[in-house]
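Chain G: place on chain H using the hints.
Just so you know, the protein sequences line up as chains H and G, in that order.
Going left to right, the first sequence walks through residues 6 to 114 as my numbering numbers them.
Going left to right, the second sequence walks through residues 11 to 126 as my numbering numbers them.
Just to be clear, a hint being listed does not mean it is correct.
Said to hold, decoys possible - In silico DMTMM-like pairs for lysine to aspartate or glutamate, Cα to Cα no more than 25 Å straight-line:
no.: 1; chain 1: H; residue 1: K42; chain 2: G; residue 2: E13
no.: 2; chain 1: H; residue 1: K47; chain 2: G; residue 2: E95
no.: 3; chain 1: G; residue 1: K52; chain 2: H; residue 2: D54
no.: 4; chain 1: G; residue 1: K52; chain 2: G; residue 2: E69
no.: 5; chain 1: G; residue 1: K88; chain 2: G; residue 2: E13
no.: 6; chain 1: G; residue 1: K93; chain 2: G; residue 2: E28
no.: 7; chain 1: H; residue 1: K73; chain 2: G; residue 2: E114
no.: 8; chain 1: G; residue 1: K67; chain 2: G; residue 2: E95
no.: 9; chain 1: H; residue 1: K27; chain 2: H; residue 2: D89
no.: 10; chain 1: G; residue 1: K52; chain 2: H; residue 2: D89
no.: 11; chain 1: H; residue 1: K73; chain 2: H; residue 2: E10
no.: 12; chain 1: H; residue 1: K63; chain 2: G; residue 2: E114
no.: 13; chain 1: G; residue 1: K67; chain 2: H; residue 2: D32
no.: 14; chain 1: H; residue 1: K47; chain 2: G; residue 2: E11
For the record, the hints were derived by calculation from the structure and aren't laboratory data.
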Amino acid sequence: GENVEQHPSTLSVQEGDSAVIKCTYSDSASNYFPWYKQELGKGPQLIIDIRSNVGEKKDQRIAVTLNKTAKHFSLHITETQPEDSAVYFCAREGFKTIFGAGTRLFVKA
Amino acid sequence: EPEVTQTPSHQVTQMGQEVILRCVPISNHLYFYWYRQILGQKVEFLVSFYNNEISEKSEIFDDQFSVERPDGSNFTLKIRSTKLEDSAMYFCASTIQRQAKNTEAFFGQGTRLTVV
Numbered sequence: 006g007e008n009v010e011q012h013p014s015t016l017s018v019q020e021g022d023s024a025v026i027k028c029t030y031s032d033s034a035s036n037y038f039p040w041y042k043q044e045l046g047k048g049p050q051l052i053i054d055i056r057s058n059v060g061e062k063k064d065q066r067i068a069v070t071l072n073k074t075a076k077h078f079s080l081h082i083t084e085t086q087p088e089d090s091a092v093y094f095c096a097r098e099g100f101k102t103i104f105g106a107g108t109r110l111f112v113k114a
Numbered sequence: 011e012p013e014v015t016q017t018p019s020h021q022v023t024q025m026g027q028e029v030i031l032r033c034v035p036i037s038n039h040l041y042f043y044w045y046r047q048i049l050g051q052k053v054e055f056l057v058s059f060y061n062n063e064i065s066e067k068s069e070i071f072d073d074q075f076s077v078e079r080p081d082g083s084n085f086t087l088k089i090r091s092t093k094l095e096d097s098a099m100y101f102c103a104s105t106i107q108r109q110a111k112n113t114e115a116f117f118g119q120g121t122r123l124t125v126v
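With the rest of the complex left out, here is chain G:
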């Protein structure tokens, strides 16, 4: 069964450092997403990406965040200067169509980011 894969599974970084979280979406999917889940809280939408540009972003996704699809398979989330409050699980997801078209989103296993 096709799946979304994320690396690394756990990332520890010093406050102020840059981190890049990597995702390989399902190969024939066209829409890509990042979500964040702070420990014990709900999953929150960060950003959606289609056709090499951001489609929508939440208020959480400020100038410290950026996304990129550097090649045909990877989709990355960069946090420029990490803060303690960025510590969370980050989930990548992909859909074959835009989610407004009522399609299932496939989620990766997540990257646990710990900022110390």
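One chain only, chain H, in its complex shape:
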């Protein structure tokens, strides 16, 4: 199948706490897993991605982990800030991008 399952749908954290969003996929041929951040009224913007030959990737406060055997990947945001509040989409790229349903992250100051 092509679906990407994403959880949770809504996440509320206190500023400074960590946030974790998880996704699972079913297509074992997938090799590329991007994460997009969508702010209100804007298009999705890539924030981090991971390829299948890598288990973990980090970029400052954002990290992504991939478990190809279990077919799941996760986004980790540490030291959250109010400007991290947005909708986050995981995706898998085969011939076309398949997006998860999105997680609305609220960071409370």
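The following block gives chain G in isolation, referenced to the frame of chain H:
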């Protein structure tokens, strides 16, 4: 930084009318895409386009939809006879390679289509 630009940002149209949504992909990109996002829902793939023809389309992309690259810079999505359920944000994206080659897709800001 290069970006994908879309016009208009907001389009209101009467049911049954034709609309054309316009996109200017990044200049050296070769693959172009349209996605749709109904309010509060996830982004859904509509169609991919390469070398002046459709590469793949989803079940959403029925006969009411068409795409075109009329010149070297524009990429358009036409909806022939709009329905209320076509109301959504439409995003254009482009990649330098086919997305199966693990490349980043750059998205435009979107066009909000409202069918009344």
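Cross-check of the supplied hints:
Among the hinted pairs, K42/H with E13/G is consistent with the structure: their alpha-carbon atoms are about 16 Å apart, no more than 25 Å. Between the alpha carbons of K47/H and E95/G the distance comes to roughly 21 Å, so the proposed pair stays at or under 25 Å and holds. For the proposed pair K52/G and D54/H, the alpha carbon gap of about 19 Å is at most 25 Å, so the pair holds. Distance check on the hinted pair: K52/G and E69/G sit about 16 Å apart at the alpha-carbon level, within 25 Å; holds.
A threshold of 25 Å between alpha carbons decides the hint, and for K88/G with E13/G the separation of about 22 Å falls inside it, so the pair holds. Between K93/G and E28/G, the direct Cα distance comes to roughly 10 Å. Compliance with the 25 Å bound is thereby established for this hinted pair. Taking the CA atoms of K73/H and E114/G, the gap is near 20 Å; set against the 25 Å cutoff, the hint holds. About 19 Å separates the Cα atoms of K67/G and E95/G, which keeps this hinted pair within 25 Å; it holds.
About 17 Å separates the Cα atoms of K27/H and D89/H, which keeps this hinted pair within 25 Å; it holds. Distance restraint check for K52/G and D89/H: the Cα-Cα separation of roughly 19 Å lies within the 25 Å cut-off, and the hinted pair is therefore satisfied. For a cut-off of 25 Å, the pair hint linking K73/H to E10/H stands: about 15 Å separates their Cα positions. Distance check on the hinted pair: K63/H and E114/G sit about 17 Å apart at the alpha-carbon level, within 25 Å; holds.
The suggested pairing of K67/G with D32/H holds, with an alpha-carbon distance near 19 Å, which does not exceed 25 Å. With a CA separation close to 17 Å, the supplied pair K47/H and E11/G stays within the 25 Å bound.
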